[in-house]
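Read off the chains here:
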Amino acid sequence: MRFEKVIKIWGGLLGSGPSKLPPHSFCPQVEQVKLLDRFNNKTTTGTLYLTATHLIFVESNVPGAHEIWILHHHIASVEKLSLTTSGCPLLIQCRNFRVVHFVVPRERDCHDVYSSLLRLLRPVSYDELYAFSYNPKQNEQQREVGWQLIDLTAEFERLGLPCDQWQLSDVNRDYKVCETYPRDLYVPITASKPIIVGSSKFRSKGRFPVLTYFYQEKKAAVCRCSQPLSGFSARCLEDEHMLQAISKANHNSRFVYVMDTRPKLNALANRAAGKGYENEDNYSNIRFQFVGIENIHVMRASLQKLLEVVGTRSLSVNDYLLGLESSGWLRHIKAIVDAAIFLTKAVTVEGASVLVHCSDGWDRTAQVCALGALLMDPYYRTLKGFMVLIEKEWISFGHKFADRCDQLDGDPREVSPVFTQFLDCVWQLMEQFPQAFEFSEWFLIQLHEHVHSCQFGNFLGNSQRQREELKDRTYSLWAHLLSEQHNYLNPVYSPSFAERHPVLEPSTQPWNFKFWRNMYHQFDRTMHPRQSILKHTLTLKESNSKLEDTAHTLQAVSSYLLSSPLRCTNTPLQSLSSLHDSSPSLILGAPLSRKEAQQEEEVLGEEALEDAPDGNGGERTVEGSSATENGYGELQSSFSSKNEPAMVSLEFGVARMTC
Amino acid sequence: MTMEFSEHIKTANVDDVVLKLPLRPALKGTLCVTAHHLVFSERKEEGSYQLLLLLRSVDAIEKSVENLLGYPQYPSAGPGQRMTGLSGSSGTIVIKCKDLRILQFDIPGMEECLNVASSIEALSSLESVTELYPFFHRPRELSLSEPWGLSSPQQQYAQTERLWDRWRLSKVNRNFSVCMSYPRTVIVPCAIDDITLAKAASFRQGGRFPVLCYYHRSNGMVIMRSSQPMTGANRKRCREDELLLQAAIDESEMGYIIDTRSAQQAQQARMAGGGFESKAFYHHWRRLHRHLERGKVLQESLIKLVEACGDPSQNMDRWLSKLENSKWLSHVHSALSTAGLVAECVERDGHSVLVHGFEGTDTTLLVTSLAQLILDPASRTFRGFLQLLEREWVQAGHPFRQRCAHSAHSHARLRQECPAFLLLLDATWQLGRQFPLALEFSEVLLLRLAQDAYASDYGTFLCSSEQERCALQVKENTHCLFQFLLRREEREKYVNPLYEATDLAIWPSVHPQSLQLWTGGQNMPKPWTRLEKRSGLL
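Chains F and D are the protein sequences, given in the same order. In terms of the working numbering, the first sequence is residues 3 to 661. In terms of the working numbering, the second sequence is residues 12 to 549.
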């Protein structure tokens, strides 16, 4: 096993390891490691453990010690900083925006940790990914069932497809026409096989126009493809036919919109490389429109800049706002939302079909199509519907998750936060329409976590074809998320809101676009609200349903007593004592924390149990941090001769703050 | 209606006026100008819409007239000489309110339009306090004989038994002769007699000598406030003032002075006769400077913010740079972090604190009241918060009359306007965002208070000091807003349904990422809230 090879250099002692580890696992450790807080001067001392899948930090000498689990796949970079008097600093940046700063007392230990991590965080083949060793104690049948939970054929049926104008084509059954597309594709009935094949030859990577969403009310279709290989003057009759067919399939509108989601300049530059965009003169009945979303490189740089800005210690409000502006992140987010609004209006108001593309049609196109569908169709705003949406627009249509999320050691220029941006856009919509979504932002954050965790098979690889091969030995994330969906529900979700507002019309005023603190600072607890409405509401709901249960039991007891008066000396006591057993949780009203749940279901579990949105065990204290953490000023206790007054413990509970 | 009011009204009623509100369909109806209100009623059979706008809440009015017939018309024509030719002309007035609402009225008839506009201009800027609407507001359900105000220093003192051995009530200011802007009664150390107080007062700007404003039950530490000492260029000292501060703490203790000016500003203040407590004379006090913006800078910040919000370009970068340029969130940040520092001194380090800046009527009150919200669970209740505002802002002499004379839209030259109170409400809102269960009142109350501080049916925010209120008999002739808000049917509108009392201090995070722009206060439309929350819509 590769892991054993990597870590033989560590002084592998068997100590009392982290709580979740099996007792006899081989687990090298380094003691007396300091963990520095990013934003204040707080340090924690503890022990570092390295397992085959995780780097674990356990706070020492504290009952109920704080643990940090970092999945190797989440580590984006490890940096050894220059030696200080207290030891050798190690800076680890994670893809889920966790940044940890360790100080290891001995330099040799630090180097060992460093070099082990370097080896572990650069897997070269899929076999090395966590998904292939992850075992949630399910049998083969359960695993299979998990993979069948989300069914795209059923989804197209829901959309009313096939229908009189659109048919299921088997042209890509064996991935022969386009290997990055799924097998099942929906095309206009008038699009014959030669037209499809001809069109695919004229499109970058063979990604010809196919249907991805159908707005039944107006019979308008949202189609997607890649850029045409038009260069400066090339034409393709089959491709022109294809667009004609899409246009004809919709009797509501005489033209079809073609949305090129790139800035015009980028599209022009592509022409020199023999690619480009549709010439309105060659295609009858199209309306061409640039939208201006920047490419993956700009987005990567933008996020990097954003993280730099918000990672600055003692950041001033002005520098924060200036940095937010210069990173351009919110500008990009707004551009995507603007594009989705354009798409939605064209489809729902004008009743026109829209063809969306960018360069290859798997980044910006996926963002815009998915977000547009989310605006148009309330189903996608439910928990399961959102999974379907991601399965369809992102997974099946070949968003290159492996490259974009850097799953294997690859080209760093292919890495880009395209999916993160999509989640960010969804969050912006949630902020504007708090009642419209069945799931809370923790669901989005959990998705983001797993897109990078490589723990489940769903997001592995770059295309559906590749994923099919990997599916057999991995588990599906959807089954896992559905099994714990109570953790991700939005307590103020209102299905009747969806009835009243089937199509969302978000405001595009700039102040409605906000920095998503709970995503980019999810591990920086001092920044979060100290009390969570979400958690509170969930707790209330939980205790409410428990009280209802109690009421039912009491009713049952009383009706029992009424029906059999003879036994009344015994039964009430028993019933009441069984009630009493459940009362502690009734009072605390805490949903079962993920920590407990996971200990039951898996031994070597998924990372970061401190991240459970409800893992606080239902504590309902004010989780203010100590005043010093907030850095109001440099109070020197120069002349504080007095004893400290009895301090209220203002430390956080075990869990990360929610909301 | 007295003669003076009717003199200003040339046209009282106009029909066929079109009212345009942002994000709403236009409405047609009748516009009516009364002494204190602008009334618009939609002409519709059922469910008709009515708008009642207090004229005092008009911050700026912009008018434009156009004459469709193409020849000049003179507005001097009296109401009796209405000419048929005028029927083709029309005008538009845009009313920008102090609560940042913007209303547009399209008025048929140029003359009517100009008349209405000039009435609004005149009646919205009445100088005399007793002409203002609170002196005429007589709702059926309220009686003038009901109590006015929620608390007094006497009550505060009587309720805090643990104050009694070291602190006393002083009536040295019973005629407002020692300090014009203080209430008649204040809480001071027992060891200091009234004569000493009077002498200390003469050493502080505006006579605002150090008085107690908060007693921290868990460790007996206190927060006091005052104005700057008048040390002047030649470092004058005042034994009585030193004694007063010394008496506030034990021999062995140390106290903190949080000066809301930068060290440089404090130095410069000496040239103008002001200054700071020098270490040499106040041995047991340690001074910390925390620069908070005030006055004009703050007012201009609000103006820029409102301007940024009105920018039609919808450009993200432009918005962020304008938001940054307004510096409003920086001011929120300084207010919260300075208050956090004060609270930290009291709670964590166990020291008493004196807060002052220059006059001790703006940033000082901002800091002391926010510190109390952080520390004191009682001030986070509905009643407690109103009591806090009454003690720390109304009775403590925040000059509401000058500070809230105009808001962000006014074209008038700035005089002493300053949105310090608005900043307090914003910072309180931030606390509420970070501790959504800790405050018993909701954002709606904060919005209501912001509105009433600038223009109100009630007398609470009239005048600038208790002395002025007594002289104008405000308490005898107006109703009290706080008492009104506490009535059960009103209170329900403003409570936070999630409230759960906690005894702990609520330490706000002051990371820029933790602060948010309070859009409710900026009257920006949120899709899921109703636009107007107040009596604006009847």
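No wet-lab data here; the hints were simulated from the structure. None of these values were measured; they are calculated from a predicted model. Careful, some of the hints might be misleading.
With a cut-off of at most 27 Å between alpha-carbon atoms, the simulated DSS-like pairs for lysine-lysine come out as follows [as the list claims (entries may be wrong)]:
#1 D:K39 <-> D:K55
#2 F:K178 <-> F:K277
#3 D:K55 <-> F:K543
#4 F:K250 <-> F:K221
#5 D:K247 <-> F:K347
#6 D:K247 <-> D:K315
#7 F:K516 <-> D:K39
#8 F:K347 <-> F:K220
#9 F:K386 <-> F:K139
Okay, the hints, checked on the actual structure:
Distance check on the hinted pair: D:K39 and D:K55 sit about 9 Å apart at the alpha-carbon level, within 27 Å; holds. With a C-alpha separation of about 22 Å, the suggested pair F:K178 and F:K277 falls inside the 27 Å cut-off, and the hint holds. For the hint pairing D:K55 with F:K543, the CA-to-CA distance comes to about 44 Å; that exceeds 27 Å, so the pair is violated. For the hint linking F:K250 to F:K221, the alpha-carbon distance of about 11 Å falls within 27 Å, and the restraint holds.
Between D:K247 and F:K347 the CA atoms are separated by roughly 73 Å; this puts the pair beyond 27 Å, and the hint is violated. As the CA atoms of D:K247 and D:K315 are separated by approximately 41 Å, the hinted pair breaks the 27 Å bound. The straight-line distance between the Cα atoms of F:K516 and D:K39 is roughly 37 Å, outside the 27 Å bound, and the hint therefore fails. The suggested pairing of F:K347 with F:K220 holds, with an alpha-carbon distance near 12 Å, which does not exceed 27 Å.
A threshold of 27 Å between alpha carbons decides the hint, and for F:K386 with F:K139 the separation of about 24 Å falls inside it, so the pair holds.
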